Amino acid sequence: MIQIFDVVKMYDGSNPVLDNFSMEITKGEFVFLTGSSGAGKTTILKILFGQEPFEKGQVLVHGLNVGKLTNKNMYTLRRFMGVVFQDYKLLPNKTVFENVSFAQEVIGRDRKTIRFKTWEALKNVGLTPKKDTYPACLSGGEQQRIAIARAMVNEPSIILADEPTGNLDPDISIEILKLFEELNKKGTTIIFATHSQEIIKRGKHRIINLSQGKVVEF
Amino acid sequence: MSYFIQTFISGFRTTLSNILNNKQTFFLSVATITISIFILGLFLMLFSNLNGFLAKLDDQVQLIVYLNDNITSSEREVLEDIISKSPFVKSTKKISKKLAWEEFQSNMSENLKPLLDIKFNPLPASYKIQFHEADSRLIHIRELSEKLNVKKGIESVEYGQEWITKLEKFMFFSRLFFFAMGGLLCFGLILIISNTIRLSIYSRQDEIELMLLIGATPRFVKVPYLLEGMLQGFAGSILALFLIRGLNFYLKDEFQSAIESMSMEFKFIAEPYLFGLVGLSVLVGLLASYISTFQFLRIYK
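So the sequence lines, in the order shown, correspond to chains V and Z. In terms of this note's numbering, the first sequence opens at residue 2 and continues consecutively. In terms of this note's numbering, the second sequence opens at residue 146 and continues consecutively.
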């Protein structure tokens, strides 16, 4: 489902962030992408959803050659994926409900489906009582759950999560992990970038450990 | 519902929300368009009124061919043949020497009657040629005059060359001025609208970035801003046309009686030009917003 072959990525033109990096993830897998800060976790996720170009190598997602996609057809790749961003990227002027339904509006779903699916996604993350609240009035854990609901609402086959528990306390982090595991049970492939050893131990999933842009251990 | 209609409806909703969020900028931009289209429309109205006035003068233009006294009948036939074969000639009136003298006598003022005592008729016979109404009438008159002037039996050909040439020059420069001014105003408008749209885009930069990251097509992102540009162009031109109509009514009220004696009236801009102005304004809005969104999306992935 996801294949990365010998990818080289440099931000400054000399020191590679990813140095001939390769990995393969099969359909329905749950993978932890780990490593210290600056190891290249976020870069890999950004390359996977086409936000970062790369110098060398090949990236295939669902058979799509990511490096060959142009700005015009990048959306075809992104519609396979749900992304939970490190900084959540919630829209402050929209309510919880509107933030989640926004992801469906942009792909052109009709209003009836949008209402139904949004409600269902909010139920899954336990946020229906707060549907009319604005993100600024919610805790970090709740904001993270909105981001997860938004990522899952279009039923993508892959979810990329960039440090989704980074700013949360341990109890809430475990709750968030469980949410991803439930999605994985339904068949969604999950790539979960984290540097939290506690989460990794708790999860018991395949680990891809990065150091200076290289895989050091599977 | 097709994706296209869905995109359009969603885009329209976003457009309205954009306008509500940036009311001041939107109205400022509409006001600028109104002023520009008002200037352009005003000039168009003056231009078409002037055109009407000149058309009236133009109606009186005719070609007079004065004949030599010793013209032969075959030379006369050649001339008549050329005149009758021209498709632009509406009518031809033959005026003999005798008729010319009689007309001259009847038009002569009492004080100048002693002049009629001369013992011969100094006036030549002539043809007075009227032409069909057409924008290129002056050109047809000139062409026929040049054709006749080289023939035998002609004393002279007259059609008020001097003032017709001046008139043509004036019309040419008026048109040139109109297009130059229109072009400059449109260019200015494109800059203003594209900046307004750019402000609107930057105020929603995070949202647009997110849209692209979660799978929106570039078209989905562009549509609201293109609609906003078009809406600005439309609203600005409609307001401008209302203002010009108001001015037109005022001029009619105040000055119609003064120009009625010349069987003229203050005309409003003709319908095709009205639609043209609105269309131009909408097109300028569209183009300006297209430039802004294109520049923005080029740097965003």
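One or more of the hints may lead you astray.
FRET-style restraints, in silico, Cβ to Cβ [to be verified]: (1) V/G141 / Z/F149: 48 to 58 Å; (2) Z/I150 / V/K73: 35 to 45 Å; (3) V/K73 / Z/A415: 53 to 63 Å; (4) Z/Y418 / V/G68: 19 to 29 Å; (5) Z/L321 / V/P54: 44 to 54 Å.
The calculated DSBU-like cross-link candidates involving lysine-lysine, where the alpha carbons are at most 30 Å apart (straight line), are [said to hold, decoys possible]: (6) Z/K168 / V/K132; (7) V/K118 / V/K57; (8) Z/K168 / V/K90; (9) V/K57 / V/K187; (10) V/K95 / Z/K168; (11) V/K57 / V/K47.
Derived by calculation from the structure, the hints in this document are not laboratory data. Being a predicted model, the structure only gives us computed values, none of them experimental. Glycine included, every Cβ here is placed at the ideal spot set by N, Cα and C.
So, going through the hints one by one against the coordinates:
1. Against the hinted window of 48 to 58 Å, the Cβ-Cβ separation of V/G141 and Z/F149 comes to about 40 Å, which falls outside the hint.
2. Our hint of 35 to 45 Å for Z/I150 and V/K73 is violated, since their Cβ atoms are close to 21 Å apart.
3. Restraint check, V/K73 to Z/A415: a C-beta distance of roughly 43 Å breaks the suggested window 53 to 63 Å.
4. Restraint check, Z/Y418 to V/G68: a C-beta distance of roughly 53 Å breaks the suggested window 19 to 29 Å.
5. A hinted range of 44 to 54 Å holds for the C-beta pair Z/L321 and V/P54, which are about 50 Å apart.
6. For the hint linking Z/K168 to V/K132, the alpha-carbon distance of about 28 Å falls within 30 Å, and the restraint holds.
7. For the proposed pair V/K118 and V/K57, the alpha carbon gap of about 39 Å is over 30 Å, so the pair is violated.
8. Proposed proximity of Z/K168 and V/K90 is supported: the alpha carbons are some 26 Å apart, at most 30 Å.
9. Taking the CA atoms of V/K57 and V/K187, the gap is about 34 Å. The hint is violated against a cut of 30 Å.
10. Restraint check for V/K95 and Z/K168: satisfied, since their Cα atoms lie roughly 19 Å apart, inside the 30 Å limit.
11. For the given pair, V/K57 sits about 15 Å from V/K47 by alpha-carbon distance, which is consistent with the 30 Å threshold.
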